[in-house]
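J.: Each chain, written out:
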Amino acid sequence: MFEYALLIVAAPLVAFLLIIIFGRWTRQGGAAIAIAALGTSFIVSVILFAQVLGLGALGAPVSEEVFKYNWIGPIEFGLLIDNVSALMMVLVSFLCLIIGIYSLGYMAEDKSKTRYYAEFVLFTAGMLGTVSANNFLQFLIFWETMGLCSYLLIGFWYEKSEAASAAKKAFMVTRVGDMLLLIGIMAIFASLGTFNIVEIQARGIPAGALMHVIPLLLFAGAVGKSAQFPLHIWLPDAMEGPTTVSALIHAATMVKAGVFLVARSFPLVAASDIASITVICIGGFTAIFAASMALVAFDIKRVLAYSTISQIGYMILGLGAAALLFEAGHASHGFTASMYHLMNHAFFKALLFLAAGSVIHAVGTNDMRVMGGLHSKMKITSIAMLFGALALSGIPPFSGFWSKDAILHEVFVAGEMYGAIFTFIWVAGVITAFLTAFYAFRLWFMTFAGKTRGDIHPHESPRVMTYPLIALAVFALISGMLAVVIGGFGHLVTFGGTVHEGTMELLTEIFTSPLTYITLFAAVAGIGLAYIVYCKQRVSSEIFVSTSVGRGMQKLLQNRYYLDAAYRGFALHVGMGIARAADWFDRNVIDGVVNGSAKLGLLVARGSDAVDRKGVDGAVDGIAYVVTGSSNRARARQTGQIQAYIAAMVMGMFVVALIMLIYLSGGW
Amino acid sequence: MIPLEYELALAGILFGIGIFGIIYRKNAIIVLMSVEIILNAAIMNLVAFSSYAINPITGDPGGQVFAVLAIAIAAGEVCIGLGIYIVYFRSRKDINLEEATRLR
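Protein sequences appear in the order of chains A and B. Under the working numbering, the first residue of the first sequence carries the number 335, and numbering increases by one thereafter. Under the working numbering, the first residue of the second sequence carries the number 726, and numbering increases by one thereafter.
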């Protein structure tokens, strides 16, 4: 009954082909086609979501596979429509539509708009295909489509060498995760004989070493795509692409796919305690690790990039905690909370990026040190970004508060059951909340408050850019409360057990828990500190680096914990060494084999050539030679002189007469 | 009565002269004349054998009739031959047979 869902994925794919073929002849480089396709996807996915909700209300999750198409053997392509994928499709198509509309303004002066919109819709199609795949192979195909598009879009301005190398970096770093994911998927197929996600979720991996290895391999794919530690290094560099692309990667697609992968393989992760604990540790560590690097960044987009890594860390953390509780047989809201945070983050991160894009569009630089005092010049952008920053910091009633609080609550519950290590991670989460609020408002104050520091002449962006900002700002405000109003996000997305909570129960639960006030206090403290340092400037920001420890910390953070340098060194020395060895092997062994076979072929060819020349050609030439020689002689006789002919004739006549004479006279 | 051998010898000599003329003379008119000589050699044979036929008095008139017929045809043949020569001469300004090789 959800057959029309195919349209959601097909529309952008068709649009991609249309833009590639006809885009250059349309006025905006195919923008109209892109917007139309994204709009179609959005409308259809809203209808789909409404229908799924109608069916799956009160915690009876819909799970239906549609448009099954048997391709080869056991692989059956199709769409898997359930609450998670329906939610993701609405989210993705809505944000892509908004970002697409915003692009009309942001990319208005770019020369290669056709390429931009084509890659843009293909990216969207990749994400929509990923979230709706009913088997892991199809999932991987769309997943890699996204990888390709991220490469193309990050390197969109490929004339800049930074953009080109950032694109390469993104592609290669995510490749590490993708390769492990591929191995994981193959391992699933080897042990279960199917790629079908529903079947895999239902059957689970049989006990044994694979039970732990497979979820870890799948998680490695998520780590690469979602830029979690230790494969986070590509995301900050991905800022070299257009800001709309950053918004796309951070809010709607790409990094969210990793979280989605963990959600899709949730039963597998939950079946293994090792995997669950790894997921929690990576998520928790990445959250605080990335937040700390955001503190010292001066590039407005880079701050947001670190913030994305950190927020994704929260989501992974929530999923991990839920998996661990689930494995131990406890009901958990962690899965719900993570999906909830995914949605909220998608809205406010898209908002923050598009607002940052608006600022960059206005001032022509990414460097916050030359900004400042933009509030009076660009009021809409400023207010929109303030909404985004509040949501990111987790100040009620903005969206980030509800979901972040829910995740931290789950981690705390896990900590109560499993002891000190999770309590420690919970503390890290709370510190991250403090850091998040601090860097979010450091960004806002440095950009919009105070006096303009650089020589810039900002102006408010055109309406095609500000209207999407307003729409997203509204969502950043209400998307969190929406779930409260309907009595818990668990009604939309849940895993393992139903959640029945009324609005009042939920509010009471949230606001009577001391945990809520702890995180809230951390966030407010972060904002307060940022206000004192960057707005009022009562305390100089130099105070942080006045001690040697502070200076050391700053150096460490600005060098991103030296991880980039370490990877670079690894690539240069180990990678190059392997490459040289492979090169030697290629030149000497592979080429040797190839050349040897070529020589053999040459030898055979020479033999057959000799036979051909001497034997076959010999016969042909011989006949020709004989014919030529005899005809040459015969030709010499044909002089055209009639008297010569007559002479010959007479001679013949004499011969005939002689023979007749002999014959008639009865022999000699 | 002249013996048959003499007549046949004369015819043979005439034939030889004709053949020689055809083969070795370059002038087309002389070749045509040589052809006539060969023809006369053949007619000579007809007449000679006719006179040695079964009836000794009258001989066989068929051979002599044939001889007259052959002479008439030879006259016509010469007409045609000379006609060809005239046309040929008009186009080539020459009737040397050594040069006449265009039909090769």
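Hints were generated in silico from the structure; no laboratory data involved. Among these hints, one or two may not hold up.
[As the list claims (entries may be wrong)] Restraint ranges, calculated between C-beta atoms of paired labels, are given here:
{"id": "1", "chain 1": "A", "residue 1": "ILE996", "chain 2": "B", "residue 2": "ARG750", "range": "49 to 57 Å"}
{"id": "2", "chain 1": "A", "residue 1": "ASN966", "chain 2": "B", "residue 2": "PRO786", "range": "52 to 60 Å"}
{"id": "3", "chain 1": "A", "residue 1": "ILE996", "chain 2": "B", "residue 2": "GLY801", "range": "33 to 41 Å"}
[Said to hold, decoys possible] To give an idea of the interface, some chain B residues facing chain A are shown, with a C-beta separation under 8 Å as derived from the structure:
{"id": "4", "residue": "ILE742"}
{"id": "5", "residue": "ILE744"}
{"id": "6", "residue": "SER776"}
{"id": "7", "residue": "ARG817"}
{"id": "8", "residue": "ILE820"}
{"id": "9", "residue": "LEU822"}
{"id": "10", "residue": "GLU823"}
{"id": "11", "residue": "ALA825"}
Treat the numbers as computed from the prediction; the structure is a model and nothing was measured. Where a beta carbon is used, it is the ideal one built from N, C-alpha and C, also for glycine.
J.: Under the criterion of a CB-CB separation shorter than 8 Å, is GLU823 (chain B) in contact with chain A as hinted?
T.: Holds - the Cβ of GLU823 (chain B) comes within 8 Å of chain A, reaching about 6 Å at its closest.
J.: Less than 8 Å between beta-carbons is the criterion; does ARG817 (chain B) satisfy it with respect to chain A?
T.: 14 Å, violated
J.: Range first: 52 to 60 Å. Now tell me if the beta carbons of ASN966 (chain A) and PRO786 (chain B) are that far apart.
T.: 55 Å, holds
J.: Starting from the range 33 to 41 Å, see whether the pair ILE996 (chain A) and GLY801 (chain B) falls in it by beta-carbon distance.
T.: 38 Å, holds
J.: At the C-beta level, are ILE996 (chain A) and ARG750 (chain B) separated by a distance inside 49 to 57 Å?
T.: 32 Å Cβ-Cβ, so the 49 to 57 Å window is violated.
J.: Given SER776 (chain B) as an interface hint, is the shortest Cβ-Cβ distance to chain A below 8 Å?
T.: 24 Å, violated
J.: Can ALA825 (chain B) be said to touch chain A, with a Cβ gap under 8 Å?
T.: 7 Å, holds
J.: Against chain A, run the beta carbon of ILE742 (chain B) and see if the smallest gap drops under 8 Å.
T.: ILE742 (chain B) check fails; min Cβ-Cβ to chain A is 13 Å, beyond 8 Å.
J.: Would the stated hint for ILE744 (chain B) survive a check requiring a Cβ distance to chain A of less than 8 Å?
T.: Holds - the Cβ of ILE744 (chain B) comes within 8 Å of chain A, reaching about 6 Å at its closest.
J.: Are LEU822 (chain B) and chain A close enough, Cβ to Cβ, to be under 8 Å, as the hint says?
T.: Hint holds; LEU822 (chain B) Cβ to chain A Cβ min 6 Å, cut 8 Å.
J.: Does ILE820 (chain B) pass the interface check with chain A, least Cβ-Cβ distance below 8 Å?
T.: Since chain A brings no Cβ nearer than about 12 Å to ILE820 (chain B), farther than 8 Å, the hint is violated.
Checked against the numbered hints above, the structure violates hints 1, 4, 6, 7 and 8; every other hint is satisfied.
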